[in-house]
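J.: Residue numbers (the working numbering), protein chains in the order written: chain E, 32 to 516; chain D, 18 to 384.
Hints may contain errors.
As the list claims (entries may be wrong) - Restricting the straight-line Cα-Cα distance to at most 27 Å, the calculated cross-link-like pairs of lysine-lysine (BS3-like) are: (1) E:K473 x D:K233; (2) E:K473 x E:K509; (3) D:K233 x E:K486; (4) E:K494 x E:K205; (5) D:K380 x D:K236; (6) D:K376 x D:K89.
What the hints assert, rightly or not - Residues on chain D that point at chain E, a partial pick, calculated with CB under 7 Å: (7) M130; (8) L134; (9) I167; (10) Y267; (11) R288; (12) V298; (13) F372.
Hints are computed from structural coordinates only; laboratory data are not their basis.
For each residue, glycine too, the CB sits at the ideal point set by N, CA and C.
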Amino acid sequence: MVFREWRIGGEQGFDAALIFVEGMVDKTVINEEILRPLMFEVEETKVDKATSNEEFYHFILKSALSVADIKEVEEYDTSVFHLMAGMVVFLIDGFSKAILIEAKGWEHRGITEPETETIIRGPRDGFSETLRVNTALIRRRIRDPNLKIETIQIGRRTKTDIALLYMADIAEPKILDDVKGRLNDIDTDSILESGYLEQFIEDTWLSPFPQVQATERPDEVAAGLLEGRVGILTDNTPFALLVPATLNSLMQSSEDYYQRWLIGSFTRLIRFFANFLALVLPSLYIALTSFHPEMIPTRLALSIAASREGVPFPAFMEAFIMEGAIELLREAGVRLPSPIGQTVGIVGGLIIGEAAVSANIVGSIMVITVALTAISSFAVPTYDVAIAFRLLRFFLMIMATFLGLYGIILGLMIILSHMATLKSFGVSYLSPWSPFAPSDLKDSLIRSPIMAMRKRPSFMSTKDPDRMDVNRRDPEEKRNGEADK
Amino acid sequence: MRALLRDNDRITPFELAVLMVIVTLEMGVTTFPRTMTEKVGTESWLIPLPGFLFSLLAVYFLVRLSKLFPGKTFVEYSQEILGSIIGKLFVIIVIAFWVSTSARILRQFADVMKVNLLFRTPIEVIIFSMLLFAAYPARYGIEPMARLAIIVAFVTIPVGLFLFAFVIPQAKFDNLLPVFAQGPLLLLKAGFLSVGSLEGIELLLVLLPFITQPRKSLKASTWALAVLWSIIFIVNGVVLAVFGEKEVMYLLRPGLTIIQTIELPTLFVERLSSVYVATWVALIFPSISMFLFLASTSLAKLFGLKEQKILIYPLTPVIFALAILPSNVLEVENIANFLEQIGVFIIGIMPLFLFLIAKIRKKGGSY
Numbered sequence: 032m033v034f035r036e037w038r039i040g041g042e043q044g045f046d047a048a049l050i051f052v053e054g055m056v057d058k059t060v061i062n063e064e065i066l067r068p069l070m071f072e073v074e075e076t077k078v079d080k081a082t083s084n085e086e087f088y089h090f091i092l093k094s095a096l097s098v099a100d101i102k103e104v105e106e107y108d109t110s111v112f113h114l115m116a117g118m119v120v121f122l123i124d125g126f127s128k129a130i131l132i133e134a135k136g137w138e139h140r141g142i143t144e145p146e147t148e149t150i151i152r153g154p155r156d157g158f159s160e161t162l163r164v165n166t167a168l169i170r171r172r173i174r175d176p177n178l179k180i181e182t183i184q185i186g187r188r189t190k191t192d193i194a195l196l197y198m199a200d201i202a203e204p205k206i207l208d209d210v211k212g213r214l215n216d217i218d219t220d221s222i223l224e225s226g227y228l229e230q231f232i233e234d235t236w237l238s239p240f241p242q243v244q245a246t247e248r249p250d251e252v253a254a255g256l257l258e259g260r261v262g263i264l265t266d267n268t269p270f271a272l273l274v275p276a277t278l279n280s281l282m283q284s285s286e287d288y289y290q291r292w293l294i295g296s297f298t299r300l301i302r303f304f305a306n307f308l309a310l311v312l313p314s315l316y317i318a319l320t321s322f323h324p325e326m327i328p329t330r331l332a333l334s335i336a337a338s339r340e341g342v343p344f345p346a347f348m349e350a351f352i353m354e355g356a357i358e359l360l361r362e363a364g365v366r367l368p369s370p371i372g373q374t375v376g377i378v379g380g381l382i383i384g385e386a387a388v389s390a391n392i393v394g395s396i397m398v399i400t401v402a403l404t405a406i407s408s409f410a411v412p413t414y415d416v417a418i419a420f421r422l423l424r425f426f427l428m429i430m431a432t433f434l435g436l437y438g439i440i441l442g443l444m445i446i447l448s449h450m451a452t453l454k455s456f457g458v459s460y461l462s463p464w465s466p467f468a469p470s471d472l473k474d475s476l477i478r479s480p481i482m483a484m485r486k487r488p489s490f491m492s493t494k495d496p497d498r499m500d501v502n503r504r505d506p507e508e509k510r511n512g513e514a515d516k
Numbered sequence: 018m019r020a021l022l023r024d025n026d027r028i029t030p031f032e033l034a035v036l037m038v039i040v041t042l043e044m045g046v047t048t049f050p051r052t053m054t055e056k057v058g059t060e061s062w063l064i065p066l067p068g069f070l071f072s073l074l075a076v077y078f079l080v081r082l083s084k085l086f087p088g089k090t091f092v093e094y095s096q097e098i099l100g101s102i103i104g105k106l107f108v109i110i111v112i113a114f115w116v117s118t119s120a121r122i123l124r125q126f127a128d129v130m131k132v133n134l135l136f137r138t139p140i141e142v143i144i145f146s147m148l149l150f151a152a153y154p155a156r157y158g159i160e161p162m163a164r165l166a167i168i169v170a171f172v173t174i175p176v177g178l179f180l181f182a183f184v185i186p187q188a189k190f191d192n193l194l195p196v197f198a199q200g201p202l203l204l205l206k207a208g209f210l211s212v213g214s215l216e217g218i219e220l221l222l223v224l225l226p227f228i229t230q231p232r233k234s235l236k237a238s239t240w241a242l243a244v245l246w247s248i249i250f251i252v253n254g255v256v257l258a259v260f261g262e263k264e265v266m267y268l269l270r271p272g273l274t275i276i277q278t279i280e281l282p283t284l285f286v287e288r289l290s291s292v293y294v295a296t297w298v299a300l301i302f303p304s305i306s307m308f309l310f311l312a313s314t315s316l317a318k319l320f321g322l323k324e325q326k327i328l329i330y331p332l333t334p335v336i337f338a339l340a341i342l343p344s345n346v347l348e349v350e351n352i353a354n355f356l357e358q359i360g361v362f363i364i365g366i367m368p369l370f371l372f373l374i375a376k377i378r379k380k381g382g383s384y
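Isolated chain E, as found in the complex:
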C-alpha cells in the first residue's frame, strides 16, 4: 500500500493524498497522468484566491486529471473495496468525498493457445486470467449490442469479479433468472476458480457427470451464447462456464463446425464410438473371458487362452491391475513437467506393458484392451466428461466381475437412468435424444450441413429461434439457378 501526500495548489491550496496498492496499478499512469498535472499544471493555472473551495474541487475533478475513468464516492467501505480492486483513491483535505481513479495495471499472462482443448482448424486464442481481456475476446466475436455483460462480485473475502454473459434477445429469461438466482445464493468466503462456482450452481452434486460446461475457448463460448446459453466468466482463471450443459454439448468440439460437415460428422461418430469403447471395453474383456467364452469366435478364444497361459490371476484381477497402472501413469504424467511427463508415458506404456506380458502377470490381449481404452478416452473432447466415464468404467468392471455381460448391461441401464434424471438448469441432460426432438438431431451424432441448421436448438426454447431466414433458398441451388439462365 502506498500513501503519497503533498500540497496541492501551492500556499493557498489543500493537503492531498493518493492511495494505491503497489503492483495492481500502472505506475506510468500515476506519474504522467495524475501526479504531473496535479502537482505542476494546477500550480501553473494559478488558482485564484477568489475561487471558492467548491469551484476548486470541481476544477480538479473535471479538468485536472487526464484519465478516462474517474468517479466520486462518499462511503468509506466502497472506496476501500475499489482500492483493493486496483483503483487509485485520491483524497483532498476538507472534502468528504474520495475520487477514484482507474489506473489498473498488473502483470498478467498473455493470450495463449488453450492447452486442454487443442484443435487443428480454428482460432488459436484462449482465455487468460484477466476478466476484462476475456470479455473483450467475446465482444470481438459478437459485435451485437444485445450481448450483455453483467458483473457481480462473489466471495466475502475474495470479492471475485464474475461476469455473466448472455444474448438479451436470444437467451430464455427463465434460464437466465435461474442462473442469476443461483449465483446470488452463493455464500462463501472465496471463489478462487470457476470450479468453485460450478460446484455451487450445479443441479446435483450426486453425479459423476458435469452439469456445467467448462471451456478455455472464446469461440466455444461465443457459439454457446448464440445458442441461447449463458456464459459465466470468472476473474483469475482462463476457464469459462457455459450453462445449461447437455451430454450432447459436452461431446462436441468447436472444430466440428469449422470442418466441412461430412468430416465433422465423421469425427463426431468416431468420438461417440470412442467414448463407448472407453466405457465398456475392459468390462467386456472381463465378462467375455470369465463368463461367456462361448461368445468369442473359437480361434480368437484360443489365442486369448494362449496369451493368458501362465497368468496366475483371474481376468478381473488382470484388468484391475492394468487399469490401475494406466490411471497411475496418467496422474503421474499430468503432475510432472511436460518433457518428463512424456518420458513417463513411454516408460510406463511401452516398457511396463511389455515387461508385464513377458513376466506373465497379464495377457497380451489385456494390454491391447487397456491401450485401446486409454486411446479412446483421450478422444473425448471435454476433460470433465472423459473423467466421468473413466470413473464409471471401474463401476462397470465391478458389475462385470460379478454378473458378466448381464452386469454390464444392467450397469449401462443404471447409468442411463441416472442421466435421464439429470437436468442442467431445467434442460434435460440427454437432450435432444430424449426428450426426443427430431429437429435438433441435426446437431447431435452427426453435424449436418451448416445451411440445414437454420434454427437454434429447440430444447433451449430461445426467444429468437431462427439462425437464418428459414424460407431462404439454398445458396448452391440459387447459383445453379442463375447459371441456367
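Given the coordinates of chain E, assemble chain D onto it according to the supplied hints.
T.: Leaving out everything else, chain D in the frame of chain E:
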C-alpha cells in the same frame, strides 16, 4: 437438487407411445408364438389383425374414461363409478396384477439368463440385482422413465429386428398355411384373449392425466399399438415359418430359440443369441421399473399418500418373494397363463364395463 425434482410429472404423447411399446416388449413376447399357436394353429400369424382391433377398442374406452374424469387416474374414477368398496377391490386387483406380473417377468427373465448367459449364478441373485436397480428410476417419477424408454427403444428394437433378419433365409412360408380353415370365430376369440398380454395398455389407467397434450393421447396410443402388433406380427410370422406348427408348440420360448439357430462364425461375436439375450436385459429394465412405478403410485393414491417413492422399496421384497416362489418353469408358465386371463379382465373387459356404468349412472364430466 432444486431443478432435479421439478416438472417431472409430465410426459408427451410420443413418450407415452414409446413407454407402451417398451413395457409390452417383455419376456412374454418370446413365448407368444407358442401360446398363440396352441390356440389357433397355423393361423396364429394372423392374430395381430383381430388383436389390433380389440386392443384399439380397449384403448379407446380408456381414453374416453379419462376424458370423463379429467385429471383423475383409474384409482379415483373406478371408485366413483363402482362405489367405494367395489372400486377399491378393483384397484387392489390391478395392483396385485402389476406386482405379480413384474414377478412373473423377473422369473422368466432370470430363467432365460441362467440358461443362456449366467450358467452358475443363482436366479435369486439375478432377480435381486435387477429389482434393486430397476427401483432406482421408479423413484424419480414418470419423466425420467420416459426418457430412459426412448433411448432403450431406439437402441434395442433395431438390434432385435436386425438379428431377426438373419433368420429369414431359413423361413419356409408353406408353414403359414392353411389359413381360415377353422372359421373366423376362433381367430377373433384368440385375438381378444391376446389383449391380456399387452401390459402397455394398462399404462393408460394411470398415465393419461400426466400427458402434456391430452387430445393426442388416443392417436399416440394407436401408433403404439400399431408398432407393437407389427413387431409381434414379424416375430410370430417368422417363427412359425421357420419352425412350423408342430415344433413351435414344443418349444418353451420359440422367439428365443429361433435366434439360437443362427450361426455366423465370421463375426466378432460368435453366439448371436447371447447378444439377443443381452438386449433383453435392456428391454426388461424399464418394464420392471414401470410396473414398480404404477403399483406404488396407485397404492399411494389408494391410501391418500402424497409421495409414491417411499412405497417402492417396501414393494420390492414382495415381488422378490413372488418371483422365487414357483419351483419350475412349468409352474411359471401356468402362472403366466393365469395372469394373461386377469389381464384380459383388466384391459379387455373392465374399460368398456366402467365406461357403460359411468354413462348409466351419469358420472363424470359431459364429454
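J.: Would you check whether F372 of chain D satisfies its interface hint, that is, whether its CB is within less than 7 Å of any CB in chain E?
T.: Given a least distance of 31 Å, the restraint on F372 of chain D is violated.
J.: Run the distance test for K494 of chain E versus K205 of chain E: straight-line Cα separation, threshold 27 Å.
T.: Satisfied, since the Cα-Cα distance of roughly 11 Å is no more than 27 Å.
J.: Given a cut of 7 Å on the nearest C-beta pair, is the interface hint for I167 of chain D held or broken against chain E?
T.: holds (4 Å)
J.: Does K376 of chain D pair with K89 of chain D here, judged by a C-alpha cut-off of 27 Å?
T.: Given pair K376 of chain D, K89 of chain D holds - Cα atoms ~17 Å apart, limit 27 Å.
J.: Checking one constraint from the list: CA of K233 of chain D to CA of K486 of chain E, max 27 Å. Satisfied?
T.: Roughly 26 Å between the alpha carbons, so the hint for K233 of chain D and K486 of chain E holds.
J.: Given the hint that K473 of chain E pairs with K233 of chain D, test it: the Cα-Cα distance must not exceed 27 Å.
T.: holds (26 Å)
J.: Next item in the hint list is Y267 of chain D. Is there a CB on chain E closer than 7 Å to its CB?
T.: Where the cut-off is 7 Å and the nearest Cβ of chain E is about 24 Å from Y267 of chain D, the hint is violated.
J.: Given L134 of chain D was flagged as interface, is its beta-carbon under 7 Å from a beta-carbon of chain E?
T.: Since the shortest Cβ distance to chain E is 6 Å, the answer is holds.
J.: Taken at face value, is the distance from the CA of K509 of chain E to the CA of K473 of chain E at most 27 Å?
T.: holds (23 Å)
J.: Does the nearest C-beta of chain E fall within a distance shorter than 7 Å of the C-beta of M130 of chain D?
T.: Check passed: Cβ of M130 of chain D comes within 6 Å of chain E, closer than 7 Å.
J.: Go through the hint on R288 of chain D and say holds or violated, using the shortest Cβ distance to chain E against 7 Å.
T.: holds (5 Å)
J.: Would the hint linking K380 of chain D and K236 of chain D be met if the CA-CA limit is 27 Å?
T.: holds (25 Å)
Of the hints listed earlier, those the structure fails to meet are numbers 10, 13, in rising order.
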